[in-house]
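Each chain is listed here by its residues.
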Amino acid sequence: MRFKMATETASVTQKTEKKETSTLLSTITGNLRQYGIVGALIVIVIAFQILTGGVLLKPNSFVSLIQQNAYVIILAIGMVMVIIATHIDLSVGSLVAFIGGVCALLMEHYNVNWMVAILVSIVLGLVIGVWNGFWVAYVRIPGFITTLAGMLIFRGLATVIVGESVPITSRDFRGIASNYLPNIFGYAGTMDILTLVVGVAIFALFVFLQFRNRSKVAASGLEPEPMSLTWIKVVVAGLVIGFVTYLLANSGNDTTGGIPIMLVIVGILVVIYNFILTRTVFGRHVYAVGGNRKAARLSGIDDRKVDFFLYIHMGFLSAVAAVCMLSRLASATAQAGMEFEMDAIAACFIGGTAVTGGIGTIPGAVIGAFVMGVINQGLSIMGVDTAIVKTIKGLVLLGAVAVDLMSKRKKG
Amino acid sequence: MAEAETILRMQNITKTFGPVKALTDVNLSVDRGEIHAICGENGAGKSTLMNVLSGVYPYGTYTGDIEFDGKLCKYKNIKDSENDGIVIIHQELALIPFLSIAENIFLGNETQKNGVINWQETHAKAQELLDRVGLPEDPETKIMDIGVGKQQLVEIAKALTKDVKLLILDEPTAALNDEDSAHLLGLIRDLRDNHGVTSIIISHKLNEIADIADNITIIRDGSTVGEMFIDEEQPLDTDELIRKMVGRPLTNLYPYHESKIGEEILRVENWTVHSPLDSERVIVDNANFHVRAGEIIGFAGLMGAGRTEMAMSIFGKSYGVGISGDLYIHGKKHELKNVQQAIDAGLAYATEDRKAYGLNLLQNIRENSSLAALTKMSKMGVMDDNTERKSVEEYRKGFNIKCQNIDVNVGTLSGGNQQKVVLAKWVISNPDILILDEPTRGIDVGAKYEIYEIIDRMADEGKAVIVISSELPELIGICDRIYTVNQGVITADVSKEGFTQEYLMRCMTKEKDEI
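Residue numbers (this note's numbering), protein chains in the order written: chain A, 17 to 428; chain B, 199 to 713.
Any given hint could turn out to be false.
What the hints assert, rightly or not - Distance condition first, Cα-Cα at most 27 Å in a straight line; then the derived BS3-like pairs of lysine-lysine: (1) K600(B) - K232(A); (2) K553(B) - K531(B); (3) K574(B) - K232(A); (4) K515(B) - K310(A); (5) K708(B) - K232(A); (6) K694(B) - K708(B); (7) K274(B) - K360(B); (8) K310(A) - K708(B); (9) K535(B) - K321(A); (10) K600(B) - K321(A).
The set of hints was computed from the structure by calculation and includes no laboratory data.
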């Protein structure tokens, strides 16, 4: 993923301290894969900002970008873990329709409280995860086949239970996808104060974590990354967080605005799952199984258990995505979630996940989802036909993976 | 012996892989209509020589001359040598499991007209060939449905379609049971006597060679060291053969070490393991052995003796089916059903194939080293980074793993350093019994010495160390006691006084009924 921005960053750094340049450069080239996709996203955002005449990054279209793509991010979080472990899940789109259908029926036909309905949906997602996981892990049917079957099974069941459509009447439930966090601190001019507070807190946390990480690395006797790189990170993060905070604080209308609830849900899931994948024993097992299953087995790792739990996680995340989607569309249909699995898989691959497993990160997949989302949003603001949008998304996927493969081949 | 005409003459063959000289001025001369055996230790260069002959390594990548059937040969690929009637059957069979016997026999050589296969003729011809090799199977049977022994016969049938003059068999009986081996050897003899086919056979089974070969060429460390002739009046002198195979001088490549041997830690009794591919075939046959604290024991055996299989079957049944026998650790009987239980019981097994079974090449030194001990480095399932870094860092220094830092991918390390990472992984898991399978395979002399030092240190810490190695000098240099293994049977328990290469090799080739 070597796009322009990465090299631009590199050339900027050359002008900074000469002493550190060589180590800084080597750190950056070593992580090009990681930074490259971020650079690509920035290039795409700038390009569409120009092409749409500045509409893309208006506060409200930014919020709708998040609300519209939340489902891809939620599904991509699980998908990237499944792909790292050398499997795939094709059933998530159908699960969104089926679980969404069950949730809608509970609320509308059986008058179940919306919160209870969400809880039941999540449990249903976990149960379906156990189902998929059982076939993959303990019967050893490849994930591709198991979930291809699941894709048909749950799409069929969704059509059976939903019929034409089930509209949602609960205002509270519909609010999940469209509401903001309450405006508890009032406004500063046009800006929601809560958003500003959260923005500053996140930036402070970022800086704190960067420096704590440095001291931790130094404490264990290793050489930390060059100081200039840390500062560059802090400055870039400051700019990005500041800009997003500004957009969010100005979003909404006269009575409401600020941080969309969907962003909170997505944010929490990303943080938790990134923690699971990078900091827990389970996360290590996922990478170990994906990188070399035989070696992992000979190291005492139960690869079947890993597979099993991965599909349960995927079932859970599918349920969350189903609830979000149902809230957004305000009506359950059998067609809901069509091709969502493809969007999630594409996001993973654009975000640098290896087709053969073993390599991939959740931040990468999230950025991959944003790349797809921005292209979608930008082109639709420009009034481009949806069929053409699809074609362009396909080309972007192909191009991203091609660049990735070629850069790897050069290295090897 | 009647006046024989030479069919193959290989002269001064030298082949290098990078800086490594695999063959140096090897000479081989084979008479028409004989069965010629090539003998040598593991890694002596036998297979390399055959690959040179068959064009796997094309003309120009080696030096020296090959003369076959009176013609100078310049083979660019296998097809060229096959056209001249040289067919090689590799140790790993080259059959396609999902295709039928007939399809495999004629693969690449189909009975066809304008690209359309004539199935009647294919099957009729295949049937004829199967009759010739004595395989009573339907030609439409799929390869995956027949055993390895029968697959070997299909390979020979395939060779016969190519008008074979010289048949090369690389360890043809290594994976076969006694009955299948006898049938195969009978077939090779029949091809010689009734069809004039010359054969070259590479084998580790000395009794087999004594039985079938007319002539033997012995290769050691990439050079020809001698030839031997066998006929009825003059049977094979196995001792002489062994002397020629191993006669390598022992040099001072091993650190001085005096073991402080303590209590018995591991005892294995009546251990029997069957092959997962053929549950009838016995891979480990009623093995008994023990190791004590601070002791370094060796398992010596030729390729396919069943040493790795024995170690892996002990290590939480990672290999084999129908495993029986008793295992005692610190005098207590254990039933280890999986690898995790084996690790918990204090066992560690460092594999012979570090790339396929030992390391995750996509991850870094830290992540690979801690993999077998993650539970010890975490609280409530969350990794404790500091503990992990500290202990991996300790072994990076202790084992002198040459790298920038522990966050370097293991894929970029040299073989010796990769091996040290594998060792670090198992030492970090803090075992009582450390099984090291070919710990110095494919690494340079300096790194080898360091690994021997690590092994000595482990023993000094009171661990029981088991080393499996194909290099006899290495075992002699580092072990306190050596078990020799042949075809799944532990043939001898040799103490330090008996450590000579000749004696060990004799034990390694001893048959079960000779014990």
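ask   = Which numbered hints does this structure break?
value = 2, 5, 8, 10
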